[in-house]
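Novice: Sequence:
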Amino acid sequence: MKTLSDQLLHRIRDAHTRRQLTWWEQTYLPAVAQGLWLTSKHFWRNLFLHIAHRVGLFKDTPASVTIQYPDQLRQTSPRLRTRHRLTQRDDGTPRCVACMMCETICPAHCIYITPGEHPDPNVEKYARSFDIDLGKCVYCGYCVEACPEDAIRMDTQRHDIAAYSRDGMWLDIVELLHPGSKQTTDAPKKYVKLDLEQFRALAKTLPASPATSKTPPLPTPPTSASSP
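Following our numbering, the numbering of the sequence shown begins with 94 at its first residue and continues without gaps.
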């Protein structure tokens, strides 16, 4: 095993034996020219293709690599931890049994659950309210790993968490069960408590949540035809 002094001597020896840059390379003009060539190549290619797309030519050939956010969303890996959602049972009620494991393991203490008694003795409890403060969440994914019922996931492919106030970063159980149902103009609602019948009624009125079936599909990647 090499000692610290041996490692230092090895590094000094490598520094002396390393190939020295030539005078032409020390001017950095070759690197500058290479960068300008790459930028110019993309510029003229994209300019030609954008004009061609306007007249209906080469539509299958993508042009610009710029993603027009928020009209277009970048395709991300399914493993990416994004905004949370709660999964549902077949009748629209949450799968959460209020075991408090996610609330306990959360290092940011951003999960708040109010349990209720479930009429089914095999279930025992359910979450009457389930709130997550995204302003405190660190997206560690511990809540997903700790859940024994697969009741919470982070696969919505939504990472837009901007809001005009801290209260706007608050997600209640309705938004978690039906992602996208909460509007930005809605007044923040904290600790919303619902019973089983109200959950079933919401499942009939609100759009179907991807939690009832399988992982939601990834956003559609941008196409060159929609680019300016």
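Honestly, the hints are just simulated from the structure, not real lab data.
Treat the hints with care, as some may be off.
[As the list claims (entries may be wrong)] Below, simulated EDC-like cross-link-like pairs (lysine to aspartate or glutamate); rule was C-alpha separation at most 20 Å, straight line:
{"hint": "1", "residue 1": "Lys218", "residue 2": "Asp183"}
{"hint": "2", "residue 1": "Lys297", "residue 2": "Asp153"}
{"hint": "3", "residue 1": "Lys286", "residue 2": "Asp248"}
{"hint": "4", "residue 1": "Lys218", "residue 2": "Glu196"}
{"hint": "5", "residue 1": "Lys286", "residue 2": "Asp153"}
{"hint": "6", "residue 1": "Lys229", "residue 2": "Glu196"}
{"hint": "7", "residue 1": "Lys229", "residue 2": "Asp184"}
{"hint": "8", "residue 1": "Lys286", "residue 2": "Asp184"}
{"hint": "9", "residue 1": "Lys283", "residue 2": "Glu217"}
{"hint": "10", "residue 1": "Lys218", "residue 2": "Asp107"}
{"hint": "11", "residue 1": "Lys229", "residue 2": "Asp253"}
{"hint": "12", "residue 1": "Lys218", "residue 2": "Glu242"}
{"hint": "13", "residue 1": "Lys286", "residue 2": "Glu238"}
{"hint": "14", "residue 1": "Lys283", "residue 2": "Glu196"}
{"hint": "15", "residue 1": "Lys218", "residue 2": "Asp243"}
{"hint": "16", "residue 1": "Lys218", "residue 2": "Asp164"}
{"hint": "17", "residue 1": "Lys283", "residue 2": "Asp248"}
{"hint": "18", "residue 1": "Lys229", "residue 2": "Asp248"}
{"hint": "19", "residue 1": "Lys218", "residue 2": "Glu118"}
{"hint": "20", "residue 1": "Lys218", "residue 2": "Asp248"}
{"hint": "21", "residue 1": "Lys134", "residue 2": "Asp226"}
{"hint": "22", "residue 1": "Lys297", "residue 2": "Glu196"}
[Unchecked claim] Label pairs and their computed distance ranges (CB to CB):
{"hint": "23", "residue 1": "Ile160", "residue 2": "Arg104", "range": "53 to 61 Å"}
{"hint": "24", "residue 1": "Ser258", "residue 2": "Leu173", "range": "38 to 46 Å"}
{"hint": "25", "residue 1": "Leu173", "residue 2": "Leu101", "range": "35 to 43 Å"}
{"hint": "26", "residue 1": "Asp243", "residue 2": "Asp99", "range": "49 to 57 Å"}
{"hint": "27", "residue 1": "Asp183", "residue 2": "Lys152", "range": "20 to 28 Å"}
{"hint": "28", "residue 1": "Asp260", "residue 2": "Gly209", "range": "48 to 56 Å"}
Note that this is a predicted model, so its numbers are computed, not measured.
Backbone N, C-alpha and C define an ideal beta-carbon position, used for all residues, glycine too.
Novice: Against this structure, judge whether each hint is valid.
Specialist: Do the hints match the structure? See the list:
1. Lys218 <-> Asp183: Between Lys218 and Asp183 the Cα gap is close to 17 Å, so the pair holds against 20 Å.
2. Lys297 <-> Asp153: Judged against 20 Å, a Cα distance of about 41 Å means the pair is violated.
3. Lys286 <-> Asp248: violated, 25 Å
4. Lys218 <-> Glu196: Within the cut-off at roughly 15 Å; holds.
5. Lys286 <-> Asp153: Not OK: Lys286 and Asp153 at ~51 Å, beyond 20 Å, violated.
6. Lys229 <-> Glu196: holds, 13 Å
7. Lys229 <-> Asp184: Distance of about 32 Å is beyond 20 Å: violated.
8. Lys286 <-> Asp184: holds, 18 Å
9. Lys283 <-> Glu217: Distance ~24 Å between Lys283 and Glu217 Cα, so the pair is violated.
10. Lys218 <-> Asp107: The hint is violated at about 66 Å.
11. Lys229 <-> Asp253: holds, 15 Å
12. Lys218 <-> Glu242: holds, 12 Å
13. Lys286 <-> Glu238: The given pair, whose Cα atoms are some 25 Å apart, is violated under the 20 Å limit.
14. Lys283 <-> Glu196: Roughly 16 Å between the alpha carbons, so the hint for Lys283 and Glu196 holds.
15. Lys218 <-> Asp243: holds, 15 Å
16. Lys218 <-> Asp164: Answer violated: Lys218 to Asp164 is near 41 Å, above 20 Å.
17. Lys283 <-> Asp248: Violated. Lys283 to Asp248 sits at ~23 Å, over the 20 Å cutoff.
18. Lys229 <-> Asp248: holds, 19 Å
19. Lys218 <-> Glu118: The hint is violated at about 71 Å.
20. Lys218 <-> Asp248: violated, 25 Å
21. Lys134 <-> Asp226: Answer violated: Lys134 to Asp226 is near 46 Å, above 20 Å.
22. Lys297 <-> Glu196: violated, 29 Å
23. Ile160 <-> Arg104: 53 to 61 Å: violated, 43 Å
24. Ser258 <-> Leu173: 38 to 46 Å: violated, 26 Å
25. Leu173 <-> Leu101: 35 to 43 Å: Holds, since Leu173 and Leu101 (Cβ atoms, about 42 Å apart) stay within the stated range.
26. Asp243 <-> Asp99: 49 to 57 Å: The hint (49 to 57 Å, Cβ to Cβ) holds, given that Asp243 and Asp99 are roughly 53 Å apart.
27. Asp183 <-> Lys152: 20 to 28 Å: Roughly 43 Å apart at Cβ, these two residues miss the hinted range, so it is violated.
28. Asp260 <-> Gly209: 48 to 56 Å: About 24 Å separates the Cβ atoms of Asp260 and Gly209, which means 48 to 56 Å is violated.
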